[in-house]
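J.: Letter by letter, the chains look like this.
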Amino acid sequence: MDGTQLQAVQALPIGSTSAPATRRRTWRAGLLGSEFAWAIAFIVPYIALFLVFVAYPVVYGLWLGHNPDLYSELYADPIYQRTVVNTILYLGIGVNLKMFGALMLSGFFMRRGWWVKALLLIYVLPWAVPALPTFISIHWMLNGQWGLLNNVLWNLFGIDGPGWVETSRWLALGSVIASHIWKWMPFWTVILLAGRMAIAQELYEAAEVDGATGVRKFVHVTFPLLANLYLVCTLLSTIFTLGDFNSVYFVSGGGPALSTHVLATLGIRDAFEIGRPELGVAAVMSALPLMIPLVILLMRKLRTTEVHL
Amino acid sequence: MTAEAIGSRSVRRLPRYRLRRNLKEAAALMVAVLVLIWTLAPIYNMVAVSLEKHGNVFSNDIWPAHPSLESFAVVATQSYWYLTDFWHQFGNSLYVGVATVVITLLIGSLASFSISRMRIRYGWVLSNAALMTYVIPASFLAIPFYRIMQNYGLTNNLWSVIAAEVTFATPYAIFIFQQYGASIPHELDEAARIDGASPLQIYLRIYLPLMAPALVAVGTYALLLAWNEYLYQFMLLSSKRNMTVAVALAQFLNSDEAPWNYMMATAIIYAIPPVAIYYVFRRRMTAGLTMGGVKG
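From first to last, the protein sequence lines stand for chains F and L. Whatever position you read off the first sequence (first residue = 1), add 23 for the numbering used here. Whatever position you read off the second sequence (first residue = 1), add 4 for the numbering used here.
In short, the hints are calculated from the structure, not lab data. A quick note: this is a predicted structure, and the numbers were derived from the prediction, not measured. Cβ atoms here follow ideal geometry from the backbone N, Cα and C, with glycine treated the same way. Watch out, some of these pointers could steer you wrong.
Computed beta-carbon distance windows for the label pairs [claimed, not checked]: (1) L:L257 / F:L144: 26 to 34 Å; (2) F:A71 / L:A201: 24 to 32 Å; (3) L:L257 / F:I111: 26 to 34 Å; (4) L:Q255 / F:A280: 43 to 51 Å; (5) L:N155 / F:L176: 35 to 43 Å; (6) F:I102 / L:H70: 21 to 29 Å.
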């Protein structure tokens, strides 16, 4: 990774909205006539984009899902109940496994040696390859009869593997979670790796002088310094995972028998396959009690703390 | 480090330094092999299936018995009924990707210039709005977005997809531009202003050239976002001529006799441009990538 460029970005508070008041401002004394017009002209495209494509859909969505009857209908629906359980499992297991794996592997990639660097180049491949082709490939790989996984199990170990995404809810949900981790762990590993590289080497040397080794260095030096970044990444990843549509839709398709839907895919199914957009919006909106606190917490963290990356 | 830590836990009490180091090295190598298998399995599968001859897909081979490039030829010459518009659809994907990059960079850089260089009043409201848009999952806005596009009569139009991609790429652009722009001294703007430069000239001659690395990082991000995204393209595009490759590929999947070798060949061709661009701009990406990434 490019250390110097990272350094440049490092010390800045994320979202420089809370700039210190003492900072010099070129146009501080108020923008004069034509300059003010320029400033407005520069900002208008973004304001228009925000109003038309974010604010309006949000308000419209709230209006579509405002009828309380929709929610009682949802809660009575066994598919919805299962979906909520799936979503919680997907978030709880998927996000934590992924982030923990990323934390461990980022340590692994700190090792020196050319083959570690070469491995890192290959390891980020899932993130660089578009989601759709790889998820379709995984879907076929997990096919019970002709998939690569079961072929390998049969040829190497003589085990007749199950239909991973066709037969059982738990196998299918596990496959979906594994696919999600496969796709996104590299990305978070790179972020945490950048975080680790920003830790001053002197700290480790000092710890070594004091007699700390492997695990103790991690517990007493690395983790305290990475904790904040790890927390922000976990929160961000929770929200992104909540909105993850592709993994579920392409790996299990919500099957078998609609048992592995999550809220994001159920909403789309209700809206487009059943043709009831209000119900779909209601399904998605029922995630708001979880999402709003997360968003508020995350925005405070992103804005007020200096996240060292 | 952690892998070392895991390795060293079981080995720590062994007396000899040499032995411990060798064991550590062996443990690291094992982790490396596992990571390699885990990472490459789906990609290997993609390649292996694409090299099967049509009709040989349903076999229990681990590697095709008679590997051939037949399916790539079929995709390239569009000689399968599902693939008749492949290159046109590829062009659509490219069109969406490039338009998303250009418009995102334009709107994002203008907005962040206005907010953080010219410091317009209430600029913080806008950067918070951008931050909030960044953390709202795109799939949660999909249904109302579709209905609105329907009302405008913009469904089955590539520009509705471009609008969606730009909407979700711009917040990240503003976010990164503001961070990166803070390292450019304000004195430069001031000097230019004293010399009589208009804000537009400052934006074009000073701001944009100095922001080049951030522009590259965000541009790559926007392209990957547009290339990764499926849901909006699927909702908004319905006719074969207006589809992108992503939508066509997913339609394959739902057809009765999915031709897996053609699908995987299509998938590989579709995946090449973003992978190539990613590896070319990888260093820049890592610099700009501080927070964020491609939303799923």
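J.: Taking the hints in turn, state whether each one holds.
T.: Evaluation of the provided hints:
The hint said 26 to 34 Å for the Cβ distance between L257 (chain L) and L144 (chain F), and at roughly 30 Å that hint holds. Judged by the Cβ atoms, the range 24 to 32 Å given for A71 (chain F) and A201 (chain L) holds: they are separated by roughly 27 Å. About 28 Å separates the C-beta atoms of L257 (chain L) and I111 (chain F), a value consistent with the hinted range of 26 to 34 Å. One distance hint, 43 to 51 Å for the beta-carbon pair Q255 (chain L) and A280 (chain F), is violated here, with the actual separation near 23 Å.
In this structure the hint that N155 (chain L) and L176 (chain F) lie 35 to 43 Å apart at CB is violated, the actual value being about 52 Å. Taking 21 to 29 Å as the suggested C-beta distance range, the pair I102 (chain F) and H70 (chain L) does not conform, at roughly 45 Å.
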